[in-house]
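Heads up: the sequence shown at position 126 corresponds to 126 in this note's numbering, and the numbers run straight through without jumps.
There could be a bad hint or two in this list.
Lysine-lysine pairs mimicking DSS-like chemistry, simulated, CA-CA at most 25 Å apart [unchecked claim]:
1. K100 x K68
2. K100 x K30
3. K69 x K30
4. K68 x K30
5. K100 x K69
Simulated from the structure, these hints should not be mistaken for laboratory data.
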Amino acid sequence: MANLNRIILVGRLTADPEARTTTDGTAVTKFRLAVDRPVAGARRDDSIDLIDVVAWQRLAEVCGQDLKKGRLALVEGRIQNRSFEDQSGQRRWVTEVVAKNMTRLDGSPNSSPVAGSQVKEEIIDDSELESDLPF
1 MANLNRIILV GRLTADPEAR TTTDGTAVTK FRLAVDRPVA GARRDDSIDL IDVVAWQRLA
61 EVCGQDLKKG RLALVEGRIQ NRSFEDQSGQ RRWVTEVVAK NMTRLDGSPN SSPVAGSQVK
121 EEIIDDSELE SDLPF
């Protein structure tokens with residue numbers, strides 16, 4: 001059976017994006033979205049998830065230029081877990097969304113969808129999947 005790692009988020013930026021370039025010249029932009037999570041009976045502050053997002057290449061450049069604190073954005077991408085060693089030698093884990101597309105939803109003139117770097121997507125034939133199902 002095929003696996004799927006896809007996420008769609010709508011939220012507001014908690015701060016201006018952090019744009020930089022890697023040592024090999026690749027653009028990367030990081031930002032955090034505040035996304036409402038409806039919870040019955042909870043206070044508004046208790047039902048907000050803060051989700052880290054990273055964009056690469058052309059999408060990173062656009063996010064760095066167009067997004068600002070408080071802007072409403074729709075982000076499509078995938079969840080990624082990675083680890084690194086901090087300055088004290090401890091292994092740290094990070095969960096973040098790697099953005100594939102971004103659309104500003106705040107009614108700005110440039111609020112059209114922006115796609116990230118071209119990604120070849122595999123088309124799956126549904127008939128092949130049906131034979132793998134246990135029911």
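Verification of the supplied hints:
1. K100 x K68: 19 Å, holds
2. K100 x K30: The given pair, whose Cα atoms are some 13 Å apart, holds under the 25 Å limit.
3. K69 x K30: Distance of about 12 Å is within 25 Å: holds.
4. K68 x K30: 12 Å, holds
5. K100 x K69: 20 Å, holds
Checked against the numbered hints given earlier, the structure satisfies every one of them.
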